[in-house]
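A.B. asks: Since each chain comes alone in its own frame, lean on the hints to assemble the complex.
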Amino acid sequence: MVLVGLALTTLVLALATTAIGGPAAPAQIAGCGKSSLNLVEDGKLSLATDNPAFDPWWSGGSKSKDWELNDPTTGKGYESAVAYEIARRLGFTRGQVTWKAVPFLRSFAPGKKPFDWYMAQVSVTPERKNAVAFSTSYYNVNQAVVGLKTSSIARVRSLAGLKQYKLGAQVGTTSYAYITKYLRPSQQPAVYDSNADAVAALKNKQIDGLVVDFPSTGFITGVQVPNSKVIGRLPSQGAQEVFGLVFQKRNPLVNCVNKAIRALRNDGTLRRLDVRWLGKTGAPILK
Amino acid sequence: MALVSTAVLVTVVAVLVVRSPGWDEVKQAFFSREQFEKSFPDILSGFWTNVKIFLIAEVFILVLALGIAVLRSLPGPVFFPLRALAVIYVDLFRGIPTVLVIYILGFGVPALQLQGVPISPLFWGAVALVVVYSAYVSEVYRAGIDSVHPSQTAAARSLGLTHLQGLRYVVVPQAVRRVIPPLLNDFIGLQKDTALVALLGVVEAFRQSQIEVAATFNYTPYLATALIFVLLTIPMARFTDWLVARDKRRQLAGGAR
Chain A
1 MVLVGLALTT LVLALATTAI GGPAAPAQIA GCGKSSLNLV EDGKLSLATD NPAFDPWWSG
61 GSKSKDWELN DPTTGKGYES AVAYEIARRL GFTRGQVTWK AVPFLRSFAP GKKPFDWYMA
121 QVSVTPERKN AVAFSTSYYN VNQAVVGLKT SSIARVRSLA GLKQYKLGAQ VGTTSYAYIT
181 KYLRPSQQPA VYDSNADAVA ALKNKQIDGL VVDFPSTGFI TGVQVPNSKV IGRLPSQGAQ
241 EVFGLVFQKR NPLVNCVNKA IRALRNDGTL RRLDVRWLGK TGAPILK
Chain B
1 MALVSTAVLV TVVAVLVVRS PGWDEVKQAF FSREQFEKSF PDILSGFWTN VKIFLIAEVF
61 ILVLALGIAV LRSLPGPVFF PLRALAVIYV DLFRGIPTVL VIYILGFGVP ALQLQGVPIS
121 PLFWGAVALV VVYSAYVSEV YRAGIDSVHP SQTAAARSLG LTHLQGLRYV VVPQAVRRVI
181 PPLLNDFIGL QKDTALVALL GVVEAFRQSQ IEVAATFNYT PYLATALIFV LLTIPMARFT
241 DWLVARDKRR QLAGGAR
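Residue numbers (our numbering), protein chains in the order written: chain A, 1 to 287; chain B, 1 to 257.
The shape of chain B in the complex, shown without the other chains (with noise of 0.2 Å):
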């Protein structure tokens, strides 16, 4: 029956799209075979350079992440100043679109003109990917933190260590395995995101494809660049579903190992 109901569906949408007057402009605009064979090389070509920003940028990314959670649970007055510092970082570039930070850090750190600085886009692309998704994994490793049960920490203060080895040893590992789905998903976000780094100069997988789409007119390769993104986020998503399936296994099957 879901079968039967499924086709109808697909078959009654499919007619409604082909049957409709603009069809045959849609179809040559966006589904030419010739302009995807054409494009697809080159715009593969530039997804590695998309590659190449989220691979490094997600390094730098899960560090300062951390290190800012850790500064947000430090407890006690004297660490008052450092938490508000992670809060207002976590504030202000949660709330700044990331286009703009890529556009003021990519044209504005360069009009400085200040000597030893770098002048680089890709560079200054990657810093402001850097500086945004930092904000929002923090708050997803303070979630994961937060998560785990305060009798933890008070097990490891009893058995001698000190706050930040209690976190380091007991608390930051339980907290990273609940939290790797939503780390996984910021992580495909920045993927994505690395096509804005392309309004600062640098010809990645999207702005190679906007290339050819302005030399021809016709918007297949933006559909080869989707497909390309695509490829790449679904073997994660399923990577990811097997880490938490893994991770449940063997937190049933309980006992030592």
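Same shape as in the complex, but just chain A (with noise of 0.2 Å):
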């Protein structure tokens, strides 16, 4: 009896992992087996976000006490989505692939990373490639300019009108950089600890703008600050700005994860992912 009892369990154990693995394990990538990777625990991926994650790069909400608003291993959300995609392509099942809670501000702290690679729309800049390794890009982005459909802000159409208004975000990130590069608005731009002071300063109307990147935009519009609405995309300036993964400086591991980039874009897959969880256009193209 608990011979049938133990190899029934194994059997439904058996099942539930091929369910939870998704569709038969993909073809691996070449010179890229699971055990020739340098990871920081073996056999498994290590991954970190941060704490909260927001839509819509994560999706799907938290039923774990550890994670605010989503929990990064429900496979939804951009992000999240694109990380299983790797990890699959690496050879890897979802229960394999563990997470983290990594503060954007530590992410790149010197010293040995917990983590193999960190995701948490962090741009690429040739500054930060002396610190830590990224990966090519998995999301080419846009900035975007937030204000409250009741200010004058809301009526802006070009990128020149903006220079009067108060504008703020969220600090270290590469929207604070635009206002100061490319924006120059005549008052100093206000900048925040996390994006959720930026928005609480918005509301407050202690700013008139908040510039986040484009995808970011909908969750604020629609969840966390009804009366606002999307000013308008900001064109790139310079090269394009791309999120990319981030390593360990030297981490051989980004080599096998960049052929798993790659072939997640030539097959269409970062195409249908963006689609799926980013798939929103609309908002003008400020001049």
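Derived from the structure by calculation, the hints contain no laboratory data.
Think of the CB as a built atom: it goes at the ideal place given N, C-alpha and C, for glycine as much as any other residue.
No false leads were mixed into what you were given.
Taking lysine to any residue and the SDA-like style, the derived pairs with C-alpha atoms no more than 25 Å apart in a straight line are:
(1) B:Lys248 <-> B:Val148
(2) A:Lys259 <-> A:Gly75
(3) B:Lys52 <-> B:Asp42
(4) B:Lys27 <-> B:Val12
(5) A:Lys181 <-> B:Arg33
(6) A:Lys129 <-> B:Ser20
(7) A:Lys181 <-> B:Leu122
(8) A:Lys129 <-> B:Lys38
(9) A:Lys149 <-> A:Ala160
(10) A:Lys129 <-> B:Val26
(11) A:Lys205 <-> B:Gln115
(12) A:Lys249 <-> B:Phe31
(13) B:Lys52 <-> B:Gly189
(14) A:Lys149 <-> B:Ser120
(15) B:Lys192 <-> B:Thr233
(16) A:Lys149 <-> B:Ile119
(17) A:Lys44 <-> A:Cys32
(18) A:Lys166 <-> B:Val109
(19) A:Lys149 <-> B:Leu112
(20) A:Lys249 <-> A:Ser107
(21) A:Lys249 <-> B:Tyr222
(22) A:Lys129 <-> A:Val40
(23) A:Lys166 <-> B:Leu122
(24) B:Lys27 <-> A:Gln248
Stretches of chain A that chain B covers, calculated by requiring three or more beta carbons in the stretch to come under 8 Å of a beta carbon on chain B:
(25) 127–135
(26) 198–206
Some but not every residue of chain A turned toward chain B, in silico, with C-beta under 10 Å:
(27) Ser107
(28) Pro110
(29) Gly168
(30) Gly172
(31) Thr173
(32) Thr174
(33) Tyr176
(34) Pro189
(35) Tyr192
(36) Asp193
C.D. replies: Right under this line is the structure:
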């Protein structure tokens, strides 16, 4: 009886694993066998993101008390979906992917990193490459401005029109760099510790416009500040801004992950996930 | 001998640090000359905001705190409500972490959307610092007032001064002199805590360095900020030492001048 029970359990477990693992394991990437990868913990992908993990990058809510808003293990939301797709190409089942909450400002601290890669809409810049290694782009991003519908900023139709307003952004973001480098407003922009603080300031009218990456505006206008709208998207200036995964410097794992990202781009997976999770357009590009 | 032992200790520590496996990374991340030179001017101009905050706040703190200390020292049962108020104020604002007071006032009050009430983060950040530091400084004053011998008050009253006049002309002048070092101690604390106003969106020295750190993933700007703060507090500390020494000289000299 015990034997039958054990056998059944094993069968159920095996079935469950297959179900969670999704479709049959895809073709492995040459030279990137699971056992040959340089990992924090053998046989496992240890990934990290910021907490709370915001929509639409992360989605599906959270039942765990470790995660606010969204639990990265759901596989829902653009970044979560991309992470699991990369993991699958490298031969990992979903159960072999673990997540840790790491604040953005800690993600690039010197010393040994507690994760294989970090993903939280981190923009790739040449200066940052001195401190960490980045993967190739998994998303090409535009910045955008959000303002209250009742404010006069809501009627702005040009980049020059934004100059007279008090703008704000989260500290350390390329959104802030965009304000100071390209918008050059007449009032000093405000800078907040977190996205949540910046949103509170927008609600309080302490700032007129909040600059964030375009996909993040959906959650702000839809949930956090219902009487706000996207004033417009901001055009790329100079090189196209891209999001990359953050790795320990000189970590050879980057090469295999880059191959996986290339495969995802070539077979249309990235485009499909983009349409599914970020697929919203409509806001005008300001000139 | 002191020189030798110090030299040996410094050398051993330096060798240990430099030969540690992570030293190259730390050197690059914290001691980059290039990043230092690039970030320093911006941080210095951000520091001007800190200076404005602590200079303006300090004036209000010194006045408000003295008021609270005087309220606490009022004698007689009639003044019990005022004394109680002062005690509650001090207990409350010494107990709440400064960060929370800043968050609550800086984001909370503007959220009320009251007509005529300022929403400037700089304003509310400074108010929060005044509120918190007044509680600390009032205790310093109180200690000073308590340290003046009761015979001084008695003498003042026997000369026909009222209690408040006695405080004004006899007790407080002596008390303030005695507490100048701890007052400056709190002033230095205030200088450093002005960095907390950054939480409300104000770009001051610390926030400016944070911006540079995140832009480059290099920590050298933090070091630059630390240096600026230290460079300001060291002259202040020497100035306090000098004040105290001068006071002592005068007291020892004795006699009328």
